[in-house]
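Novice: Each chain, letter by letter, is given below.
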Amino acid sequence: MSRSSDLARPTDHIEQEDGAEPVGGPRLGPIGWVRFAWRQLTSMRTALFLLLLLAIAAVPGSLVPQRSSDPNGVVQYRADHPDLYPIVDALQGFDVYTSVWFSSIYLLLFVSLIGCVLPRTRQHWQAMRSRPPRTPARLSRLDAAEERVVTGDADDALGRAEALLRKRRYRTERYGASISAERGYLRETGNLVFHGSLVGILVAVAVGGSLGYSGQKIVVEGEPFVNYVGGYDSFNRGRLVPDTALDPYRIRLDRLDIVYERENENAVGQPIDYTAHVTVQQPDSGSAADADIKVNEPLQIDGTDVYLLGNGYAPRITVRDADGDVAFSGAVPFLPQDQQMTSVGVAKIPDGLPEQLGMIGFLYPTVGQLESGALASGFPDLLDPVLSLNVYRGDLGLDTGVPVSVYTLDTDDLTQIAGRGTDVPAVELRPGETQQLPDGLGSVTFDGVSRFASLEIHHDPSQGWVLAFSILVLAGLLASLFVPRRRMWVRVHEEQDGRLRVEYAGLARGDDPGLAAAVRELADEHSGSERTVGGTT
Amino acid sequence: MTQTLDEFSALLLYLAMGVYAISFIAFTLDLARRSAGAAVVAESAADRVARARGAARGSAAGSVATLDPPRADAPARPRESLTLRVGVTLAILGWVLHLGATVLRGVAGARVPWANMYEFSMTGTLIIMGVFLLLLARRDLRFLGAIITGMVVLMLGVTTVGFRVDVVPLPPALQSYWLVIHVLVAILATAFFTVGAALSIVQLVRARRENGPESGLRLPVAIPGTVTLENWAYRVNIVGFIFWTFTLIAGAIWAEHAWGRYWGWDTKEVWTFIIWVIYAGYIHARATRGWRGSRSAWLAIVGYSAVLFNFGIVNVFFKGLHAYSGL
Ligand code: HEM
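Chain order of the listed sequences is A and B.
Be aware that the first sequence starts at 1, since it is given in the working numbering, and climbs by one per residue.
Be aware that the second sequence starts at 1001, since it is given in the working numbering, and climbs by one per residue.
I should point out that these hints are in silico values taken from the structure, not numbers from a laboratory.
Ideal Cβ positions, reconstructed from N, Cα and C, are used throughout, including at glycine.
The reader is advised that the hints may include incorrect statements.
Stated by the list, open to error - Derived contacts from chain A toward chain B, CB cut-off under 10 Å, selection only:
hint, residue
1, Met44
2, Leu52
3, Leu63
4, Val226
5, Val229
6, Tyr274
7, Tyr307
8, Ala331
9, Leu335
10, Pro336
11, Asp338
12, Gln463
13, Asp511
To be verified - Every beta carbon over 10 Å from chain B, so not counted as near; a handful from chain A, in silico:
hint, residue
14, Gly32
15, Ser68
16, His81
17, Leu84
18, Gln92
19, Leu107
20, Ser234
21, Thr244
22, Asn266
23, Pro298
24, Ser329
25, Thr400
26, Val402
27, Leu474
28, Asp497
29, Glu525
Use the sequences and the hints to build the structure in full.
Specialist: Take a look at the structure:
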């Protein structure tokens, strides 16, 4: 910052070097060029340009589904726009926020920011330790100026002025018959804290990304989940997370309670509460503890947070062979399809029967009938559940080594033996009922319905840091936008009649709506006129 | 009971819209009447300083402003106009009705009245109007009356026709005190941005007139000059920016509670971020040589368009976790 223009309104909030041409014109040595480039990169204009570019670059990610937040949307997009898909993909349009181009914009911005903040910090440090500037010759020319006539001794008047300014938290300095004062260093401190904390957030997020992990697991009522890598249905982890980072605690889902609205006609069937009752057992403690997980209330265990993200029904089915021996028994998670929790799932019975058996099931928690005669669910809760099964026999394709989803049944190599499209109606069961399978294959029993919870477990060691820096961002912002930075001067002239003429003047650095009032208020108090104390604006 | 209260709330809202509409007409008439009046440009202190500075910059390299310091910041007051007072009075009356409508809706739902688009718009416009009226008490911003009431009537029109939904209970994800904090602060930010954008619009119109006297757009005398308008817009917008920053942080905390991650580039998060970055750019622009004046005003307007887009388009048409429009 140039100190030469101290008398004028300090222009340090308007950038100084902006228009500066590189010294020596276009013929620069390599170091000159580097300097020139650095100066350009850390100029305010570049910062502005990069900020606006960042805003624009963030837009496409809201128009095109993102792999990180909406993977199914990406699959859908591929199906809907087969021509566009490869182009968008090549441009990293499905991973905008980790793309090369988006990353380079914000990294450049942060380099610029650091290049901007460091020298400013040095300057600010010096400014805080230097004396307030000399009093300008003609105070009456400044933005805010007042004049009063007082009686008494000049030295006394100066002393009082100094005391008043000190009380207002100005730093003061006496120059002859005048006082120079300055306050509001906090403004610049706030600005530096703000920008510095932005860097802090970026670093904390990056660190958290490589030290954290997250995963999902579907847990049926009565079943446990154990926190180890193999215990998850899907698992993501940062680069620096070893297998041993996971604390092998155990969560058992005892019961999942869901409350649906029944009274309000406009919202019948809308869920109003989910509560998962769980038992937690930590490896180092022998005893187990009960806990609840709700949607906005995750459970904290061993540095992880456990969230309740979804739910559904898992019908319990038992399949027996013709002799009555059990070939399959268990709860099969079905995926909800609509608001009324009509759910679809697949049961696969590879062993224990003469042939492999596959079933596609539909669960209607509260069964009703459409006009067409088809079944439908009329309410999401289990008031009158019915399970309907389409049955297939043949090769389930489980032995090929290719992983298969548990939620889909590839019917290519299968023969349907019951359900729509065959002569045999679908197997239709209420809880407790048993029905014979076609072709004498055996029987299937619908034992009842359990709920399942879809749990998400997160471990992010830097989260607290991100929050701390965010709070600093806010605090720095408040200080830098609302703390006025001012200079004030008081000069005493001894007139011939023995009275004192006192000039008061102020100068703002940056935006300062209250300057004039502050000068007036000082003048009034100093000259002892009470009338305007409190302001007459 | 719920139903009756809600119907009563809707009735009050229609009344409020009617009153606002008349207030809008009054404000517009006033503008028209005054712009047809005197041609002298009222110049506030800040503008005089700025003009003198501009002149001084040309001559003195030291750029010491050489002019008598302005003693007061009060622009010359024009003769009070009756239509203007009618406008303000009706705006206040409309606001009281609007407040009643909003409170009743809250009582009907037994919760804060900002849980879906309909309620959010209702409370949002209430706070826009409230912030405007509050600022009126501190500064003579009545020349913004036409823009603000016009916008509020328009928004309420879209709201009642397009977003109206019945009172339903809160889904579990919204049952959180963060709904109260995060959304309320977002609404406050929006209100300040609205006033800021209105000031910027007037500033741009005004700038045209200052540059070419006969550009066809005539503005009444009592409207401050561009520099004052720009300063006011800046002050209002930075308050909005602080609120928006808080909204962003509070939203991230809430997302962490509800969805298990504080930031996931969900569409709504993306747009909140975009708006934040644009306004950060706006604040920078004010400190960048060559970007003061109309350019920064344009940035404020772009930022505000993003706010409107975020609310009107992203909520309704974009897919994402923030599917709370209730439509
Ligand atoms: C991540 C990028 C950035 C963001 C989000 C950002 C945001 C902001 C905000 C909100 C302000 C106003 C509050 C305050 O004064 O503290 C501000 C002011 C400022 N920023 Fe940045 N900034 C960024 C990068 C930069 C860079 C790269 C530079 C340097 C070239 C810079 C220089 C400044 C200066 C000098 C001010 C003070 C302006 C004034 O006094 O009016 N900023 N910035």
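Novice: Please confirm whether Asn266(A) is truly not at the interface, meaning its C-beta sits more than 10 Å away from all C-beta atoms of chain B.
Specialist: Asn266(A) not clear of chain B: closest Cβ-Cβ about 4 Å, inside 10 Å.
Novice: Mind verifying the non-interface call on Leu84(A)? Its CB should be farther than 10 Å from each CB in chain B.
Specialist: 17 Å, holds
Novice: So Thr244(A) supposedly isn't at the interface. Is its beta-carbon more than 10 Å from every beta-carbon in chain B?
Specialist: Per Cβ check, Thr244(A) is outside 10 Å of chain B; nearest 23 Å; holds.
Novice: Per the CB criterion, is Ala331(A) less than 10 Å away from chain B?
Specialist: 24 Å, violated
Novice: Is the claim that Gln92(A) lies outside the interface with chain B correct, judged by CB distances over 10 Å?
Specialist: Since the minimum Cβ distance to chain B is about 13 Å, Gln92(A) lies beyond 10 Å and the statement holds.
Novice: If we take the beta carbon of Ser329(A), is the closest beta carbon in chain B still more than 10 Å away?
Specialist: The claim stands: Ser329(A) keeps its Cβ more than 10 Å from every Cβ of chain B (closest is about 33 Å).
Novice: Per the stated criterion, does the least C-beta distance between Pro298(A) and chain B lie above 10 Å, as a non-interface residue requires?
Specialist: Nearest chain B Cβ is 7 Å from Pro298(A), so the label is violated.
Novice: Find the nearest Cβ of chain B to the Cβ of Ser68(A) and say whether that gap is larger than 10 Å.
Specialist: With a cut-off of 10 Å, Ser68(A) comes too close to chain B, as the shortest Cβ separation is near 6 Å.
Novice: Mind verifying the non-interface call on Ser234(A)? Its CB should be farther than 10 Å from each CB in chain B.
Specialist: 13 Å, holds
Novice: Grab the minimum C-beta distance from Leu335(A) to chain B and call the hint holds if it beats 10 Å, violated otherwise.
Specialist: Violated, about 18 Å.
Novice: Should the interface hint for Asp511(A) be scored as holding, given a Cβ-Cβ cut-off of 10 Å against chain B?
Specialist: 6 Å, holds
Novice: Beyond 10 Å from every Cβ of chain B: is that where the Cβ of Gly32(A) lies?
Specialist: Its Cβ never comes within 10 Å of chain B, the nearest being 23 Å, so this holds.
Violated hints for the displayed structure, listed by number in ascending order: 4, 5, 8, 9, 10, 11, 15, 22, 23 and 27.
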